[in-house]
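**Q** Between the sequences and the hints, there should be enough to build the whole structure, so can you do that?
There are 2 protein chains.
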Amino acid sequence: MEREKVMENLQGLGKEVLAELEAGRSPTIEIPVRTLSNIKFNEVKEQLELGSSVSKRNFMNVAHSRKFMQTLLVAAWINKDLLSKNLHTSLRDMYYALKRTIPGTKENTFEDQHTESDPIVVDLETALDVLREELHLNADVRGRVVGNVVIEDRGDTVDWSKLGSGGWSIPSNVEDIKFKEVDAKYILLIEKNAAFERLHEDKFWKHENCILITSQGQAARGVRRLANRLSIEHNVPLYVFTDCDAYGWYIYSVIKWGSMNLAHVSNKLGTSNARFLGLTMTDIEKYGLEGYTIKAKDMDIKRAKELLKYPWFKHEEWQKEIKIMIKKGYKAELEALSSKGLRFITNTYLPDKIGSKDFLP
Amino acid sequence: MEREKVMENLQGLGKEVLAELEAGRSPTIEIPVRTLSNIKFNEVKEQLELGSSVSKRNFMNVAHSRKFMQTLLVAAWINKDLLSKNLHTSLRDMYYALKRTIPGTKENTFEDQHTESDPIVVDLETALDVLREELHLNADVRGRVVGNVVIEDRGDTVDWSKLGSGGWSIPSNVEDIKFKEVDAKYILLIEKNAAFERLHEDKFWKHENCILITSQGQAARGVRRLANRLSIEHNVPLYVFTDCDAYGWYIYSVIKWGSMNLAHVSNKLGTSNARFLGLTMTDIEKYGLEGYTIKAKDMDIKRAKELLKYPWFKHEEWQKEIKIMIKKGYKAELEALSSKGLRFITNTYLPDKIGSKDFLP
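First to last, the protein sequences are chains A and B.
Counting in numbering that gives the first Met the number 0, the first sequence runs from 0 upward without gaps.
Counting in numbering that gives the first Met the number 0, the second sequence runs from 0 upward without gaps.
Treat each hint with caution, since some may be false.
The list treats identical chains as one, so a pair stands whether inside a single copy or across any two.
Stated by the list, open to error - Derived pair list, reagent style PhoX-like, types lysine-lysine, alpha-carbon separation capped at 25 Å: (1) K4 - K308; (2) K313 - K184; (3) K4 - K356; (4) K66 - K339; (5) K301 - K202; (6) K205 - K356; (7) K202 - K84; (8) K304 - K322; (9) K79 - K326; (10) K4 - K14; (11) K105 - K294; (12) K105 - K327; (13) K327 - K4; (14) K177 - K304; (15) K79 - K4; (16) K177 - K326; (17) K352 - K308; (18) K304 - K319; (19) K179 - K161; (20) K84 - K161; (21) K304 - K79; (22) K205 - K177; (23) K161 - K177; (24) K205 - K84; (25) K79 - K202; (26) K352 - K285; (27) K313 - K301; (28) K4 - K322; (29) K161 - K202.
Calculated directly from the structure, the hints in this document are not laboratory data.
**A** Pasting the structure below:
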């Protein structure tokens with residue numbers, strides 16, 4: 000969404016409040032409900048999303064008025080101090096910038112970031128149907144990318160195929176990036192940095208003509224949004240490659256279907272046509288990695304049983320994989336492939352899996 | 000050190016063992032001792048370093064023979080599978096690549112990575128006076144950089160001033176990077192990514208002609224080595240900018256004086272001419288940030304009292320700062336500067352501090 004449009008929406012919120020005040024009514028703000036009861040899995044879009052429940056924040060209700068004040072304070076500040084000046088900042092900086100004692104009272108605008116100012120930003124994200132990044136509030140950064148892609152960003156032209164061993168550091172906010180050239184058969188999004196480094200050193204992305212991304216653990220918002228934009232805007236398939244454990248599979252789940260916490264932005268952060276490349280329990284048997292597995296802890300099994308129940312893991316293939324894990328009681332890391340030789344992943348495993356389209360849905 | 004030289008050193012280790020075997024003696028390997036008793040602070044070099052104690056690992060001593068086997072196994076593998084093939088990998092991949100049952104026995108080469116194969120790498124680092132990166136074993140990556148610097152890396156020419164909002168992702172291994180052009184008055188190494196993003200968006204590095212690095216927390220080895228190489232090889236001062244707490248000050252301490260864990264490589268990872276720019280307790284008072292401090296926890300005070308006793312924090316200015324913290328019982332984050340406005344850090348705080356050379360030693 001254009002910056003001007005986001006500003007209009009924020010100002011619209013203020014104008015509605017003003018109109019109600021001028022009409023002598025107590026102003027209200029409507030915010031979609033984000034509790035579990037209002038989070039649905041849309042089977043057609045294959046995405047988590049919010050249902051239609053809405054809560055009203057009423058200024059004249061004593062239980063609501065503090066939050067009401069905070070909502071308007073944050074909305075006004077984002078409009079005036081971030082968007083109109085074209086500045087970006089973090090949630091923590093915003094908290095410090097807005098924290099103060101309200102003149103003539105002993106009341107502070109905010110007492111705590113995580114329970115007070117952060118949730119207001121999610122409220123605005125939901126109520127205005129914009130990304131936090133479109134409100135110029137950056138999230139944590141993690142992850143890097145290489146491949147045959149040329150982008151334009153802040154006036155610079157950056158060629159992802161000419162960045163040495165480092166690669167391009169994925170920023171938190173990728174909204175304003177322009178893709179000038181995207182030449183790739185697929186995107187390979189890898190949980191572990193070590194596997195990314197192996198493939199990058201072997202110039203896998205060059206030989207295979209693909210884009211390599213590492214999320215370095217759970218994918219940050221910037222990584223999810225970048226994968227989403229590349230895959231959808233340029234029609235490039237997205238393959239996800241994680242450890243063979245409930246944690247790795249959940250990373251895939253968030254990249255594909257979205258997360259319950261952020262169900263209101265699944266369409267922008269989730270990429271529902273993503274496919275799971277590996278590591279699967281079936282791979283462990285097929286490639287003889289049994290000697291390099293790790294005994295699952297109670298937590299791993301508990302988490303696997305939870306995945307089993309999620310509607311988005313109801314596909315027969317996933318049910319089978321998860322059940323094998325629970326039965327066998329072990330898990331495996333990407334690095335287990337190195338037991339077959341450091342370049343096994345580059346020369347055998349990935350060409351095999353991608354060539355035969357051996358993916359999970 | 001050149002790859003060929005490192006290989007010679009590794010092969011030298013093997014040749015000595017062979018000579019002893021051929022002479023009918025039990026082979027031994029000498030490894031400098033890394034326990035606390037052998038870690039010294041060199042007041043002249045301003046660096047942590049190892050003393051002269053050495054331990055002997057003797058093949059015919061039952062208590063040593065397993066470790067002896069592991070040392071030779073790792074040394075041979077690094078020589079043959081990494082250096083001679085010019086491949087790099089992670090400690091975890093190495094563990095998987097070397098783990099197996101020794102034929103004809105029930106003995107595994109390794110049972111655990113962290114207690115068995117990782118320490119062998121540090122042994123070799125110490126015994127051969129090389130960096131783990133020179134053995135082609137990569138560490139975790141974290142951190143990014145921007146500035147007027149052009150490097151050559153893996154055949155690519157990368158201009159750090161033309162990388163959009165992302166910046167160059169600092170790899171774990173920066174040994175082979177060639178600096179083609181370095182145009183900077185100083186390097187500013189920042190703990191927090193949010194402050195880096197603020198300064199990057201404000202093009203602070205361009206206006207000030209400096210190099211901006213964020214470590215995103217404790218500095219990874221790649222960040223420390225990059226700062227060391229840039230500062231020493233190109234004679235550029237290094238200023239470190241962290242939160243005002245014992246954790247932030249310890250980040251500075253490791254960047255400047257080295258760490259106890261890695262005392263054997265302080266000369267390569269530490270930059271003893273680094274200066275601490277902020278945030279100091281004195282800054283909090285000077286800039287009126289008292290309302291934006293955080294009450295120190297018991298752990299914070301305990302850690303501050305430890306810093307007070309380290310010989311490298313014996314400078315009068317540091318003693319004063321640490322004592323103020325203990326007395327006041329609070330700490331502050333970089334983001335507290337945003338309470339004065341988002342651009343206070345760019346327009347006031349940093350120009351003030353750098354202009355008046357208001358640094359701690």
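**Q** Indicate, hint by hint, whether the structure satisfies it.
**A** Evaluation of the provided hints:
1. K4 - K308: neither (40 Å within a copy, 57 Å between copies)
2. K313 - K184: So K313 and K184 fail the 25 Å test inside a copy (29 Å) and across (59 Å) alike.
3. K4 - K356: Answer is neither; intra-copy 42 Å and inter-copy 45 Å both fail.
4. K66 - K339: between (57 Å within a copy, 24 Å between copies)
5. K301 - K202: neither (39 Å within a copy, 48 Å between copies)
6. K205 - K356: Only inside one copy: K205 and K356 sit 20 Å apart there, 47 Å across copies, limit 25 Å.
7. K202 - K84: Intra 42 Å, inter 15 Å, cutoff 25 Å: inter-copy only.
8. K304 - K322: Result: close within a single copy only, 8 Å intra versus 52 Å inter.
9. K79 - K326: Cα proximity of K79 and K326: none, with 57 Å in one copy and 39 Å across.
10. K4 - K14: Within one copy, since 15 Å is at most 25 Å while 72 Å is not.
11. K105 - K294: between (56 Å within a copy, 20 Å between copies)
12. K105 - K327: Between. Shortest inter-copy distance 23 Å satisfies the 25 Å Cα cut-off; intra-copy 60 Å does not.
13. K327 - K4: neither (53 Å within a copy, 47 Å between copies)
14. K177 - K304: neither (42 Å within a copy, 51 Å between copies)
15. K79 - K4: within (14 Å within a copy, 60 Å between copies)
16. K177 - K326: Answer is neither; intra-copy 47 Å and inter-copy 52 Å both fail.
17. K352 - K308: Neither, since 27 Å and 57 Å both go past 25 Å.
18. K304 - K319: within (12 Å within a copy, 55 Å between copies)
19. K179 - K161: both (15 Å within a copy, 16 Å between copies)
20. K84 - K161: Answer is between; shortest inter-copy Cα gap is 23 Å, intra-copy 33 Å.
21. K304 - K79: Neither: 47 Å inside a chain and 44 Å across chains, both beyond 25 Å.
22. K205 - K177: Answer is both; intra-copy 22 Å and inter-copy 23 Å each pass.
23. K161 - K177: both (18 Å within a copy, 15 Å between copies)
24. K205 - K84: For K205 and K84, the Cα distance is within 25 Å only across copies (20 Å; inside one copy 40 Å).
25. K79 - K202: between (46 Å within a copy, 21 Å between copies)
26. K352 - K285: So K352 and K285 pass the 25 Å test inside one copy only (11 Å; across, 61 Å).
27. K313 - K301: within (17 Å within a copy, 51 Å between copies)
28. K4 - K322: neither (48 Å within a copy, 52 Å between copies)
29. K161 - K202: Close inside one copy (12 Å) and across copies (23 Å); limit 25 Å.
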